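Next come the chains, spelled out residue by residue.
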Amino acid sequence: MNKRSRTQIAAFGMFWLAGIVAVLIMAFVVGYIMVKGLPGITPEFFTTSPRGGLSGDGGIYSTIVTTFYMIVVTLAFAAPLGVGAAIYLSEYSGNTDKRIIRKLVSIARFGVETLSGVPSIIFGLFGYALFVTAMHFGFSILSASLAGACLIIPVIIRTTEEALKSVPAGYREGSLALGANRWETTWKVVLPAAFRGISTGILLSAGRIVSETAIFFVTLGGSYRVPHSLMSGGRSMALHVYYLAMETRAFDKAMSTAAVLVALIVVMNLTINVITSKIATKQG
Amino acid sequence: METEVTRMQAEDYSLFYGKFKALNKINIKIPSNRITAFIGPSGCGKSTFLRSFNRMNDLIPSVTTSGTVFLDNRDVAKEDVVELRKKVGMVFQRPNPFPKSIFDNVAYGPRLHGTKNRSDLAVLVERSLRQAAVWDEVKDDLHKSGMSLSGGQQQRLCIARAIAVEPEVILMDEPASALDPVATLKIEELMNELKKNYTIAIVTHNMQQAGRVSDYTAFLLTDENRAGNLIEFGSTKQIFTTPSDSRTEDYISGRFG
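The listed protein sequences derive, respectively, from chains Y and R.
Residue numbers 8 to 291, in our numbering, belong to the letters of the first sequence in order.
Residue numbers 161 to 417, in our numbering, belong to the letters of the second sequence in order.
I should point out that these hints are in silico values taken from the structure, not numbers from a laboratory.
Given the structure is predicted, the values throughout are model-derived calculations rather than measurements.
We put the beta carbon where it would ideally sit given N, CA and C, even for glycine.
Be aware that one or more of the hints could be misleading.
To be verified - Partial pick of chain R residues on the chain Y-facing surface, computed with a CB cut under 10 Å:
(1) Met216
(2) Val241
(3) Val242
(4) Lys246
(5) Lys247
(6) Met250
(7) Pro255
(8) Leu272
(9) Thr275
(10) Lys276
(11) Arg321
(12) Ala324
(13) Leu331
(14) Lys356
(15) Ile412
Looking at chain Y on its own, in the form it has when it is part of the complex (with noise of 0.2 Å):
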């Protein structure tokens, strides 16, 4: 055997000891938390809300509904903002030969970029001056809604834009040549083929509400109560396990809240990939 193939070989066995590692890690953290969480798994766990108090008795059932409707209020901002403002990006603004609208089209790309990279307590931090102190919506779903959509916004911005920019020039010349216009050509065109894309940036986004905590911290309070309302405080599942875990001595439904979170996740990734998949055969 020549020092080549030598070589090759060694790096080969680096590159899968490498993956199998990575692939253990994950596996025992997974694994780990169910060992300890799935035992406390019954079906009063997800009926009954936690009662407080430093025993951290009862379940889960108030801090499903508040990540539910922070899923949904988040997106509701977070959604339309973020794919208005990558059709634009993508498809209306490189139609200008101003020099300002191209320049303060450069300072948004580069803000999204860099606002995708901001630690998330930032955005809380932000997110606790303006909406919960000065504009008086307290520690609520609004607020923390509203915090969370400033958070990923720039992740709906890019995945969505990215999404655009990989649907094929030449549609858009075929439609644009048909005698429609860029609106038409956007709606009709574009955005279907850019659907795949798109559907999987916000998912992955109402993932990131699903497991954020910092920035709920210090915006939605902590109320362990059913939220009744926008303005309602709530604890989200995520929130739920750091508080068990800092505040109660009950570790083993912090594991337990974990778990469900895991398997939540794992859900939302395996829809994802079944959206797509299915949308990849009916486009292919």
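Take the given structure of chain Y and dock chain R to it, following the hints.
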């Protein structure tokens, strides 16, 4: 040539990308119901010129023009661009069916322009696919994606899509350059059929193709400033047998390009 009816015309037409002049004072009359081929080496501006007829160059913000392009003696710059593109259809180099069903691809244009009735659309779709000589191959699969067809079928689908809005002119930008020889031949036969009803302008790199299909040929070449000039325009037979400009002769005989 004097007996021909002019469908499209350019008068002292120049086009600039920013400060760079890409087309220099082009004058040409494109006859109705004929196939006019634009030939010339890469970068001579023939595609850019073709795109002037349906104002596709409007999409590039830095483009400015001088002179005039006419369709039926009307300045295309003053036409409503939607109406203009309805009258001047286009087929592109790479087949670009939408990721929709074959039916929806062909119905796309008519729907845009207001045909909503399902049975009207069905009639229109069938007629267009027949005219584009692809009906027999797809009639049982109208619900299937246009992307599932072969390259040659896709290109004929795109021709059907262009025909469906009932244009007067069809611009073809190297329509066969991405196709195999058999599919190319089908497109060429189709063009010969189509010229009965439409005026066709085609850009091609393939000189044999220009010789085979076109009635008239225009030869473009860049000058010392890299701006495209119309060197010679005449019947294809004359251009290919007795070109009056030595540069045309050099190009035709393969001495450059």
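Results of checking the hints against the structure:
no.	hint	result
1	Met216	6 Å, holds
2	Val241	8 Å, holds
3	Val242	5 Å, holds
4	Lys246	5 Å, holds
5	Lys247	9 Å, holds
6	Met250	4 Å, holds
7	Pro255	8 Å, holds
8	Leu272	5 Å, holds
9	Thr275	13 Å, violated
10	Lys276	14 Å, violated
11	Arg321	7 Å, holds
12	Ala324	8 Å, holds
13	Leu331	8 Å, holds
14	Lys356	22 Å, violated
15	Ile412	31 Å, violated
Violated hints, in rising order: 9, 10, 14 and 15; the structure is consistent with all others.
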